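Protein chains in written order, with the UniProt record's numbering: chain A, 1 to 292; chain B, 1 to 292; chain C, 1 to 292.
Note that these hints are calculated values from the structure, not bench results. Bear in mind that the values here come from a model prediction, so they are computed numbers and not experimental data. Possibly wrong hints are sitting among the right ones.
The list cannot tell twin chains apart, which means a pair is met if one copy fits it or any two copies do.
[As the list claims (entries may be wrong)] Below are the DMTMM-like pairs computed for lysine to aspartate or glutamate, each with C-alpha atoms no more than 20 Å apart in a straight line:
{"#": "1", "residue 1": "Lys140", "residue 2": "Glu189"}
{"#": "2", "residue 1": "Lys77", "residue 2": "Glu223"}
{"#": "3", "residue 1": "Lys240", "residue 2": "Glu14"}
{"#": "4", "residue 1": "Lys228", "residue 2": "Asp254"}
{"#": "5", "residue 1": "Lys289", "residue 2": "Glu45"}
{"#": "6", "residue 1": "Lys77", "residue 2": "Glu102"}
{"#": "7", "residue 1": "Lys77", "residue 2": "Asp254"}
{"#": "8", "residue 1": "Lys289", "residue 2": "Glu146"}
{"#": "9", "residue 1": "Lys222", "residue 2": "Glu141"}
{"#": "10", "residue 1": "Lys228", "residue 2": "Glu29"}
{"#": "11", "residue 1": "Lys77", "residue 2": "Glu45"}
{"#": "12", "residue 1": "Lys222", "residue 2": "Glu79"}
{"#": "13", "residue 1": "Lys77", "residue 2": "Asp108"}
{"#": "14", "residue 1": "Lys222", "residue 2": "Asp108"}
{"#": "15", "residue 1": "Lys222", "residue 2": "Glu292"}
{"#": "16", "residue 1": "Lys60", "residue 2": "Asp94"}
{"#": "17", "residue 1": "Lys289", "residue 2": "Glu265"}
{"#": "18", "residue 1": "Lys2", "residue 2": "Glu104"}
Now for the letters of each chain:
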Amino acid sequence: MKNLLSMEHLTTEEINQILDLAQAFENGETSSLSRRYNVANLFFEPSTRTKTSFEMAEYKIGCNIIPFDAGFSSVTKGETMYDTVKTLEMIGIDAVVIRASEDEYYNDLLEGLHVAVINAGDGAGQHPSQSLLDLYTIKKEFGYFEGLTVTIVGDISHSRVAKSNATALQNLGANVHFLCPEEWSGGFEAHHSWDNLIEISDVIMLLRVQHERHKENCSFSKESYHQKFGLTIERERQMKDSAIIMHPAPVNRDVEIASELVECERSRIFEQVRNGVYTRMAIMETILKGRE
Amino acid sequence: MKNLLSMEHLTTEEINQILDLAQAFENGETSSLSRRYNVANLFFEPSTRTKTSFEMAEYKIGCNIIPFDAGFSSVTKGETMYDTVKTLEMIGIDAVVIRASEDEYYNDLLEGLHVAVINAGDGAGQHPSQSLLDLYTIKKEFGYFEGLTVTIVGDISHSRVAKSNATALQNLGANVHFLCPEEWSGGFEAHHSWDNLIEISDVIMLLRVQHERHKENCSFSKESYHQKFGLTIERERQMKDSAIIMHPAPVNRDVEIASELVECERSRIFEQVRNGVYTRMAIMETILKGRE
Amino acid sequence: MKNLLSMEHLTTEEINQILDLAQAFENGETSSLSRRYNVANLFFEPSTRTKTSFEMAEYKIGCNIIPFDAGFSSVTKGETMYDTVKTLEMIGIDAVVIRASEDEYYNDLLEGLHVAVINAGDGAGQHPSQSLLDLYTIKKEFGYFEGLTVTIVGDISHSRVAKSNATALQNLGANVHFLCPEEWSGGFEAHHSWDNLIEISDVIMLLRVQHERHKENCSFSKESYHQKFGLTIERERQMKDSAIIMHPAPVNRDVEIASELVECERSRIFEQVRNGVYTRMAIMETILKGRE
């Protein structure tokens with residue numbers, strides 16, 4: 001595994017190896033890398049948890065983090081992504097973690113570079129480290145994927161997370177349902193009302209309503225979204241005893257989920273954040289190990 | 001001491017312990033923390049000296065600093081302060097240092113969090129680490145507070161520093177006078193001309209004129225402020241032999257103080273910056289120690 | 001050598017010492033500094049390679065980098081450069097690396113400061129660490145400067161690099177030619193067409209066309225610049241066998257140089273980036289060593 005660009009590039013075996021290594025790190029195992037690697041995190045879009053999570057993970061496996069201020073870089077002078085990344089390679093960076101707004105920006109980085117590239121989100125495309133931490137959260141909870149019913153709720157058309165997760169979960173044997181307003185199904189087959197989804201789901205995976213992207217063409221208010229598609233207090237009561245709630249965050253409280261439920265017993269929302277560090281340690285370790 | 005939010009929460013004993021520890025650090029003592037703690041500095045308003053000073057202090061007591069770019073974080077997507085800080089806690093951060101523009105933003109952080117919170121300035125409220133470094137500067141100079149006359153000059157109504165310092169100095173036995181234009185007294189009893197304050201003061205503590213906050217309703221020019229309320233060369237000549245000048249900086253030269261006086265013999269303005277590092281080492285060490 | 005402000009302040013002996021030390025570092029020598037120094041990088045203008053290159057160099061010689069976010073500092077509140085740098089000195093910073101838009105900003109930093117100042121670019125003035133890495137690149141290639149023919153192509157009037165390099169190269173014995181549109185010669189004697197420059201040059205040093213600075217008064221398009229002054233594929237074919245291509249980057253592909261040539265065999269464009277780290281290690285080591 002030279003890079004991590006899209007969940008679609010990962011085999012089930014590779015996924016399981018990363019999840020196992022994440023578990024080992026959570027159990028206290030330490031990095032077995034042979035030296036301090038130099039990494040840079042190129043975040044061209046705002047992010048708290050993904051960037052900080054990668055930095056903590058990189059620190060924990062002994063990397064040296066070279067600061068990179070994307071908003072203040074030569075990219076603002078029109079430099080191409082390839083030239084920026086090649087420059088970092090020549091400076092001595094071993095791996096770059098990138099978030100950018102263009103779908104599949106990484107296609108320009110596949111040739112001519114020796115540096116490893118980890119995709120931390122490409123436009124409306126993939127967000128594989130988030131998918132892997134979601135999978136890790138589910139596996140920790142249930143121990144298996146086969147036969148689990150997972151309902152993904154929200155803007156499927158613009159969600160990196162939905163696409164990555166759906167592909168992976170189905171490959172691992174889970175049943176995946178989508179629930180969203182009609183205009184957000186983006187070509188996927190989806191439910192447009194809860195019906196009996198709440199009672200049959202083992203995992204309710206809520207997606208963030210991206211107000212940034214929907215300012216104009218939105219036919220409903222926050223309140224009506226919450227009533228129709230949100231996880232209300234009433235709906236939570238109808239969930240299976242063993243079922244859990246997930247959300248990649250940041251949460252819009254009282255839109256995707258009632259504010260009181262964010263830290264309820266079956267919520268794994270903040271636990272996902274904790275799991276993200278172990279998952280990203282596993283991703284970085286696996287990729288850097290492959291260079292030794 | 002779990003957090004440091006407001007000078008009003010500190011007992012005189014706690015203040016003295018921090019000042020003593022700051023002195024010990026200045027004398028060469030090193031941290032006795034048992035491990036490398038992870039800290040993040042969340043500055044939602046511009047700052048050079050406070051942020052850099054905390055970072056140097058954190059470095060000197062062996063912390064690991066996880067970068068956090070406030071201007072580029074999920075807060076810009078509407079995430080609440082609680083959710084942001086909880087996220088950092090789950091990522092493994094032990095303490096957060098926060099500057100934000102809302103008064104008492106920290107009231108939302110008092111419940112549900114295990115991470116330590118250090119307030120580095122809340123709107124027009126408190127700025128306790130600045131108060132403590134001011135106290136440390138005075139104690140180093142005079143050895144005591146009892147009976148000292150301290151005159152605080154400037155915008156009392158919008159100054160975090162004035163409020164924190166006045167409370168603490170009075171508790172420690174100092175006599176505090178305020179001097180300011182009438183419209184800036186903010187409910188405090190204040191002088192509106194220098195009268196004999198210059199001759200009786202042991203400490204003249206100048207506050208920054210915050211042009212940012214006064215664009216509209218300001219009845220005087222920079223020049224006239226300097227003439228009426230500034231520390232001019234003439235006024236400095238009338239100060240007691242042993243008296244000192246303080247300013248939290250950044251200084252507006254020739255407004256609060258004549259430019260030639262910024263580094264004069266009795267100025268402690270840059271010395272305060274040096275003292276700030278030792279004071280913040282003491283603050284962070286005390287709070288992190290309390291977690292062991 | 002207390003500071004590094006301008007190539008004009010360096011003797012030929014000092015230049016050669018830095019180039020030799022850079023070579024030693026490239027050969028694997030490690031820093032001989034006696035302690036971890038604290039440095040801050042103040043970049044008031046965007047930069048990828050210079051800032052990251054300094055940070056990597058600082059890291060490699062064992063410095064502690066205190067983060068400084070120029071766009072979010074007290075300078076935005078009107079603090080002078082002197083007061084900002086003095087503040088960093090009092091906080092315990094040993095050396096500051098500064099890029100700023102004002103020509104010779106460093107003249108305000110010559111008195112009253114003990115901190116070392118390294119100029120990483122001042123407006124349209126000097127950029128000595130870039131000049132030194134260019135010299136290092138040439139010396140590594142040819143082993144000497146005496147008698148080499150170097151053609152510098154581009155906006156001489158606004159280029160820090162051109163001015164620094166021309167002075168130094170001539171002092172070291174090279175023949176320097178300038179090639180540029182008439183309106184960009186900035187008082188220097190320059191060619192305005194390639195003539196036989198392509199055949200006689202050992203080094204073609206291309207400068208970046210700074211569209212940022214030329215929006216208005218530009219009498220030619222990108223395409224016509226490339227045809228008249230750019231290094232086209234045809235021109236590259238006429239170069240001497242041993243001749244090399246240099247560019248400080250970021251490159252405007254198909255303006256200064258045909259995109260296909262950026263990584264051609266005789267291009268040293270990315271090699272310059274690699275050389276920059278060793279050169280900056282040598283600069284920082286020399287200056288910090290001088291403080292011991």
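Structure-based check of all given hints:
no.: 1; hint: Lys140 x Glu189; result: neither (29 Å within a copy, 62 Å between copies)
no.: 2; hint: Lys77 x Glu223; result: between (42 Å within a copy, 18 Å between copies)
no.: 3; hint: Lys240 x Glu14; result: neither (31 Å within a copy, 51 Å between copies)
no.: 4; hint: Lys228 x Asp254; result: within (12 Å within a copy, 53 Å between copies)
no.: 5; hint: Lys289 x Glu45; result: neither (28 Å within a copy, 37 Å between copies)
no.: 6; hint: Lys77 x Glu102; result: both (17 Å within a copy, 19 Å between copies)
no.: 7; hint: Lys77 x Asp254; result: between (41 Å within a copy, 15 Å between copies)
no.: 8; hint: Lys289 x Glu146; result: neither (30 Å within a copy, 47 Å between copies)
no.: 9; hint: Lys222 x Glu141; result: neither (31 Å within a copy, 59 Å between copies)
no.: 10; hint: Lys228 x Glu29; result: neither (45 Å within a copy, 61 Å between copies)
no.: 11; hint: Lys77 x Glu45; result: both (17 Å within a copy, 11 Å between copies)
no.: 12; hint: Lys222 x Glu79; result: between (39 Å within a copy, 15 Å between copies)
no.: 13; hint: Lys77 x Asp108; result: within (18 Å within a copy, 29 Å between copies)
no.: 14; hint: Lys222 x Asp108; result: neither (38 Å within a copy, 23 Å between copies)
no.: 15; hint: Lys222 x Glu292; result: neither (50 Å within a copy, 44 Å between copies)
no.: 16; hint: Lys60 x Asp94; result: both (16 Å within a copy, 15 Å between copies)
no.: 17; hint: Lys289 x Glu265; result: neither (38 Å within a copy, 31 Å between copies)
no.: 18; hint: Lys2 x Glu104; result: within (17 Å within a copy, 46 Å between copies)
Consistency with the previously given hints fails for numbers 1, 3, 5, 8, 9, 10, 14, 15, 17, ordered from lowest to highest.
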